[in-house]
Amino acid sequence: AQSVTQPDIHITVSEGASLELRCNYSYGATPYLFWYVQSPGQGLQLLLKYFSGDTLVQGIKGFEAEFKRSQSSFNLRKPSVHWSDAAEYFCAVGAPGGNFNKFYFGSGTKLNVKP
Amino acid sequence: DTGVSQDPRHKITKRGQNVTFRCDPISEHNRLYWYRQTLGQGPEFLTYFQNEAQLEKSRLLSDRFSAERPKGSFSTLEIQRTEQGDSAMYLCASSLGTAEAFFGQGTRLTVV
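Note that the protein sequences, when read in sequence, are chains A and B. First residue of the first sequence? That's -16 in this note's numbering, and the numbers climb one at a time after it. First residue of the second sequence? That's 493 in this note's numbering, and the numbers climb one at a time after it.
Keep in mind that a hint or two might mislead.
Every beta carbon over 10 Å from chain A, so not counted as near; a handful from chain B, in silico [to be verified]:
id, residue
1, V496
2, T505
3, Q509
4, Q546
5, F557
6, E560
7, G564
8, S565
9, E570
10, E575
11, L583
12, S587
13, T590
14, T602
Partial selection, computed: residues in chain A whose CB lies under 7 Å from chain B [stated by the list, open to error]:
id, residue
15, W66
16, S67
17, A70
18, F73
19, N84
20, G89
21, G91
22, T92
23, K93
In silico DMTMM-like pairs for lysine to aspartate or glutamate, Cα to Cα no more than 25 Å straight-line [as the list claims (entries may be wrong)]:
id, chain 1, residue 1, chain 2, residue 2
24, A, K93, B, E536
25, A, K51, A, E71
26, A, K93, B, E548
27, A, K32, B, D499
28, A, K97, A, D37
29, A, K32, B, E520
30, A, K32, B, E548
In short, the hints are calculated from the structure, not lab data. Just so it is clear, CB atoms sit at the ideal spot from N, CA and C, and this is done for glycine as well.
My request is simple: use the sequences and hints to build the entire structure.
This is the structure we're talking about:
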């Protein structure tokens, strides 16, 4: 069965510092991987996705993520964090068979940004 | 394009009452998804529609839950005889086929 683990519940970084949010997945085949962001009281916004090809994917708002099959990881990174990046971030695996939007989400990482 | 719209945004109900939520997807989107998100957790898949057909239901969707999408446009999610464990954020998403899904802002249900 598909599952996603985000080991860090909370992370605090200073504004301008780099960021890496961890995501590990359990999946039997080539996964479809996603990162979403959720601001308080809001829905989810897609940051980036990986289906195949180049393992380093670029997303919106300056985020990128790297797919590492050998480590079953899809970590999210940003070189310089802005105060507006404070939010909750969810990693997700899309279901097989082409219905990618049936997601299995991790439990999320809440990002705080210190001024 | 106003995005995915959910109504109401907040609902407080007494245990045992029935509640109904509505989701209006982006107009040309043929797929519609319902998710439930409890505090401190990621969203969990409940069900999805392709046009008016409900193609999949999670085991999380007990007999007290029913979802419909008449005419393949808006969708409703009804919970009968609500329980405190039903308190959660209910998220709706829509997509055009397997393209990117867009989420609504959710309906937060509190059962007292």
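Now the hints, each set against the structure:
A Cβ of chain A approaches the Cβ of V496 of chain B within 10 Å, the least distance being about 7 Å, so the stated non-interface status is violated. Even its closest Cβ contact with chain A, about 19 Å, leaves T505 of chain B beyond 10 Å, as expected for a residue assigned away from the interface. With a cut of 10 Å on Cβ distances, Q509 of chain B stays outside the contact zone with chain A, its closest approach being about 24 Å. Every C-beta of chain A lies more than 10 Å from that of Q546 of chain B, the closest at about 13 Å, which supports listing it as non-interface.
Residue-level check passed: F557 of chain B sits 17 Å from the nearest beta carbon of chain A, beyond 10 Å. The non-interface label for E560 of chain B is consistent with chain A: the shortest C-beta to C-beta separation is roughly 19 Å, beyond 10 Å. Even its closest Cβ contact with chain A, about 16 Å, leaves G564 of chain B beyond 10 Å, as expected for a residue assigned away from the interface. With a closest Cβ-Cβ approach of about 18 Å to chain A, S565 of chain B is found to remain outside the 10 Å limit, as its non-interface label requires.
Taking the minimum C-beta to C-beta distance to chain A, about 21 Å, the non-interface status of E570 of chain B holds against the 10 Å cut. With a least beta-carbon separation of about 22 Å from chain A, E575 of chain B lies farther than 10 Å from that chain, consistent with its non-interface assignment. Not every CB of chain A is more than 10 Å from the CB of L583 of chain B (nearest about 6 Å), against its label as outside the interface. Here S587 of chain B does not stay apart from chain A, with its beta-carbon only about 5 Å from theirs, under the 10 Å limit.
For T590 of chain B, the requirement that its beta carbon stay farther than 10 Å from each beta carbon of chain A is not met, with the minimum near 5 Å. Remark: the non-interface label on T602 of chain B is consistent with the geometry, its nearest Cβ contact in chain A lying 14 Å away (cut-off 10 Å). With a cut of 7 Å, the hint placing W66 of chain A at the interface with chain B is violated, because the nearest CB-to-CB distance is about 22 Å. Look at S67 of chain A: its Cβ only gets to about 18 Å from chain B, farther than 7 Å, so that hint breaks.
Violation of the interface hint for A70 of chain A is found here, the shortest Cβ-Cβ separation to chain B being roughly 14 Å, above the 7 Å cut-off. Satisfaction of the interface hint for F73 of chain A is found here, the shortest Cβ-Cβ separation to chain B being roughly 5 Å, below the 7 Å cut-off. Hint status for N84 of chain A: holds, given a least beta-carbon distance of 4 Å to chain B, under 7 Å. For G89 of chain A, the interface hint holds, since its Cβ comes within 7 Å of a Cβ in chain B; the closest pair sits about 5 Å apart.
With a least beta-carbon distance of about 5 Å to chain B, the hint placing G91 of chain A at the interface is held under the 7 Å criterion. For T92 of chain A, the interface hint is violated, since its Cβ never comes within 7 Å of a Cβ in chain B; the closest pair sits about 10 Å apart. Because the closest C-beta pair between K93 of chain A and chain B is about 9 Å apart, greater than 7 Å, the hint is violated. As the CA atoms of K93 of chain A and E536 of chain B are separated by approximately 18 Å, the hinted pair is consistent with the 25 Å bound.
A threshold of 25 Å between alpha carbons decides the hint, and for K51 of chain A with E71 of chain A the separation of about 23 Å falls inside it, so the pair holds. Proximity of K93 of chain A to E548 of chain B is assessed by CA-CA distance (about 31 Å); at most 25 Å being required, the pair is judged violated. Among the hinted pairs, K32 of chain A with D499 of chain B is inconsistent with the structure: their alpha-carbon atoms are about 29 Å apart, more than 25 Å. Pair hint K97 of chain A plus D37 of chain A does not hold up; C-alpha atoms about 33 Å apart against a cutoff of 25 Å.
Straight-line distance between C-alpha atoms of K32 of chain A and E520 of chain B comes to about 22 Å, which keeps the hinted pair within the 25 Å bound. For a cut-off of 25 Å, the pair hint linking K32 of chain A to E548 of chain B stands: about 23 Å separates their Cα positions.
Checked against the numbered hints given earlier, this structure breaks hints 1, 11, 12, 13, 15, 16, 17, 22, 23, 26, 27 and 28; the rest are met.
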